[in-house]
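Novice: For this one, chain A is given, so just place chain B on it according to the hints.
Just so you know, the sequences run in chain order A and B.
Quick note: the first sequence uses the numbering used here, first residue 27, plus one each step.
Quick note: the second sequence uses the numbering used here, first residue 2, plus one each step.
No lab work stands behind these hints: they were computed from the structure.
Errors might be hidden in some of the hints.
To be verified - Quick list of simulated restraints, FRET-style, between CB atoms:
hint, chain 1, residue 1, chain 2, residue 2, range
1, A, A99, B, G84, 43 to 51 Å
2, A, G242, B, G84, 44 to 52 Å
3, A, I170, B, S220, 29 to 37 Å
4, B, S53, A, L100, 18 to 26 Å
5, B, S220, A, D92, 26 to 34 Å
6, B, D254, A, K220, 42 to 50 Å
7, A, G242, B, E151, 38 to 46 Å
8, A, H29, B, K141, 46 to 54 Å
Beta carbons are placed, not taken as given, at the ideal position from N, Cα and C, and that holds for glycine.
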Amino acid sequence: MSHTHISSAFDRDLEAIQALLMKMGGLVEEAIMEAAKSLETRDEDLAMKVREGDKAIDQLEEQINDEAAKLVALRAPIASDMRLVLSVIKISANLERIGDYSKNLAKRTTVLNQLPPQDGAPQAIRRMAREVQRMLHDVLDAYIQRDADLALEVRDHDADVDQMYNALFREFLTFMMEDPRNITACMHLHFIAKNIERMGDHVTSIADQIVYSVTGQKPEESRRKGDITSTASFEK
Amino acid sequence: MYDRTFPENAVTAQDIKIEAKGVNVHYGDTHAIKDVSVDIQDKTVTAFIGPSGCGKSTFLRCFNRMNDTIDSARVTGDIRIDGEDIYDKRVDPVQLRAKVGMVFQKPNPFPKSIYDNVAYGPKIHGLAHTRADLDDIVEKALRRGAIWDEVKDRLQAPGTGLSGGQQQRLCIARAIATEPEVLLMDEPCSALDPIATGQVEELIDELRRDYSVVIVTHSMQQAARVSQKTAFFHLGNLVEYGDTDEIFTNPQDPKTESYITGRIG
Numbered sequence: 027m028s029h030t031h032i033s034s035a036f037d038r039d040l041e042a043i044q045a046l047l048m049k050m051g052g053l054v055e056e057a058i059m060e061a062a063k064s065l066e067t068r069d070e071d072l073a074m075k076v077r078e079g080d081k082a083i084d085q086l087e088e089q090i091n092d093e094a095a096k097l098v099a100l101r102a103p104i105a106s107d108m109r110l111v112l113s114v115i116k117i118s119a120n121l122e123r124i125g126d127y128s129k130n131l132a133k134r135t136t137v138l139n140q141l142p143p144q145d146g147a148p149q150a151i152r153r154m155a156r157e158v159q160r161m162l163h164d165v166l167d168a169y170i171q172r173d174a175d176l177a178l179e180v181r182d183h184d185a186d187v188d189q190m191y192n193a194l195f196r197e198f199l200t201f202m203m204e205d206p207r208n209i210t211a212c213m214h215l216h217f218i219a220k221n222i223e224r225m226g227d228h229v230t231s232i233a234d235q236i237v238y239s240v241t242g243q244k245p246e247e248s249r250r251k252g253d254i255t256s257t258a259s260f261e262k
Numbered sequence: 002m003y004d005r006t007f008p009e010n011a012v013t014a015q016d017i018k019i020e021a022k023g024v025n026v027h028y029g030d031t032h033a034i035k036d037v038s039v040d041i042q043d044k045t046v047t048a049f050i051g052p053s054g055c056g057k058s059t060f061l062r063c064f065n066r067m068n069d070t071i072d073s074a075r076v077t078g079d080i081r082i083d084g085e086d087i088y089d090k091r092v093d094p095v096q097l098r099a100k101v102g103m104v105f106q107k108p109n110p111f112p113k114s115i116y117d118n119v120a121y122g123p124k125i126h127g128l129a130h131t132r133a134d135l136d137d138i139v140e141k142a143l144r145r146g147a148i149w150d151e152v153k154d155r156l157q158a159p160g161t162g163l164s165g166g167q168q169q170r171l172c173i174a175r176a177i178a179t180e181p182e183v184l185l186m187d188e189p190c191s192a193l194d195p196i197a198t199g200q201v202e203e204l205i206d207e208l209r210r211d212y213s214v215v216i217v218t219h220s221m222q223q224a225a226r227v228s229q230k231t232a233f234f235h236l237g238n239l240v241e242y243g244d245t246d247e248i249f250t251n252p253q254d255p256k257t258e259s260y261i262t263g264r265i266g
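The shape of chain A in the complex, shown without the other chains (with noise of 0.2 Å):
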């Protein structure tokens, strides 16, 4: 919508919002780069850092959240109005969620950390926690450029973070019953993987969002979906 409001006041509590909203989306990016460089650096102080800087992210949402009932109670949006702030509301819970799962990463690095390295699994996902920090990336951009078809995008992307955490999830059963010793650290190594992946459903629903917020329509045509793993069995 290029056109301004006609009350100036109520396009500066738009854009105030909107801040707010995007500096809470860089802090969340942050916190998975860092949670994940953490796992594999084994470093406890950045782990710990994760963990800490997540209270800001908690308060942002909720400053949002009152940001966002103040402007429906005093300038009563309508139409695309309407539809920015319901997005607003919904990608802030979005956002505080992937920002959980990261201070959860974090909180099991220290656990690993006291466990013997396991090869290969903490690379890995850090390059899946690069795949979802990228797409949340985009999808910020797909925000603030008010672009569905960016938004749509990141949404078929969802499906690569899928095929990543099906490969780990056999990695880590194959090591599990290779030798049991592995299984405190690959359960841990796979709750995060899980987490990552779950993480990349939020900003799947962050994209949807966007699509809503900028056409009116909410997103039709299924997208592909990659994990299989609740289906999945090991045979002897």
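Specialist: Below, chain B without anything else, positioned relative to chain A:
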């Protein structure tokens, strides 16, 4: 779980009450309504919205030939109510206006008693044969106007002594006393406080059961609250016409979007 419906939004009748085709209105050299075609549904509240001077009131006034009273106004095109051409030479505008009632922006009760305000229409249209008939009609109209309880003990008091909100409901009762089929409302709440506005809006929703209601309003929120269909007018054109919930969540025309969201269009 069973499905819940939202009755205030559900359009119950699909029957077309008013059918306008290619309507043009000129005031002298001014082209006020430009080739507007629209089907107004029965038992539905239809809101006309748009900036001042967009022609929404002019178009509303075509439905009961109120524009006939303005010398410079010229109406062309086809307007039918229940399939009947209301601009046909054989149609008596006075009879038409009994069938198509109207409520105005400012409450305008006659300087007479509350009773006479309501009784006037039925009397001149010969709807009552006895005094008892007339009493019945007046009570029924005042009840349907949601004002009976407030005035039943002082029917002989002057209508002008009521509060603004009561006066407006009295005017609505007066309009429905002649058993109209269509009710036109031109900014019926713009002179009322929020409580009185709420009462009139509640009444409009009640009236929808029996009438086709067309309301002109400057309040976007009012259009959203009371109507099931919304038409947006701009510079004499009908820009967009559709279900109210669609218009207010996802309007199709950028001009509608700009107007309802309060942007400079």
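Novice: Each hint needs a verdict: does it hold in this structure or not?
Specialist: So, going through the hints one by one against the coordinates:
1. At about 47 Å, the beta-carbon gap between A99 of chain A and G84 of chain B stays in the expected band of 43 to 51 Å.
2. The given range of 44 to 52 Å is broken by G242 of chain A and G84 of chain B, whose C-beta atoms sit roughly 36 Å from each other.
3. Remark: the range hint 29 to 37 Å for I170 of chain A to S220 of chain B is upheld by a beta-carbon distance near 33 Å.
4. For the hinted restraint 18 to 26 Å between S53 of chain B and L100 of chain A, the CB-CB distance of approximately 25 Å keeps it satisfied.
5. Hint check: S220 of chain B to D92 of chain A, Cβ distance near 27 Å, so the stated range 26 to 34 Å holds.
6. For the pair D254 of chain B and K220 of chain A, the supplied restraint of 42 to 50 Å holds, since their beta-carbon distance comes to about 46 Å.
7. For G242 of chain A paired with E151 of chain B, a C-beta distance near 44 Å keeps the hint of 38 to 46 Å intact.
8. The beta-carbon spacing between H29 of chain A and K141 of chain B, approximately 49 Å, falls within the hinted interval of 46 to 54 Å.
Hint compliance for this structure: hint 2 is the single one not met.
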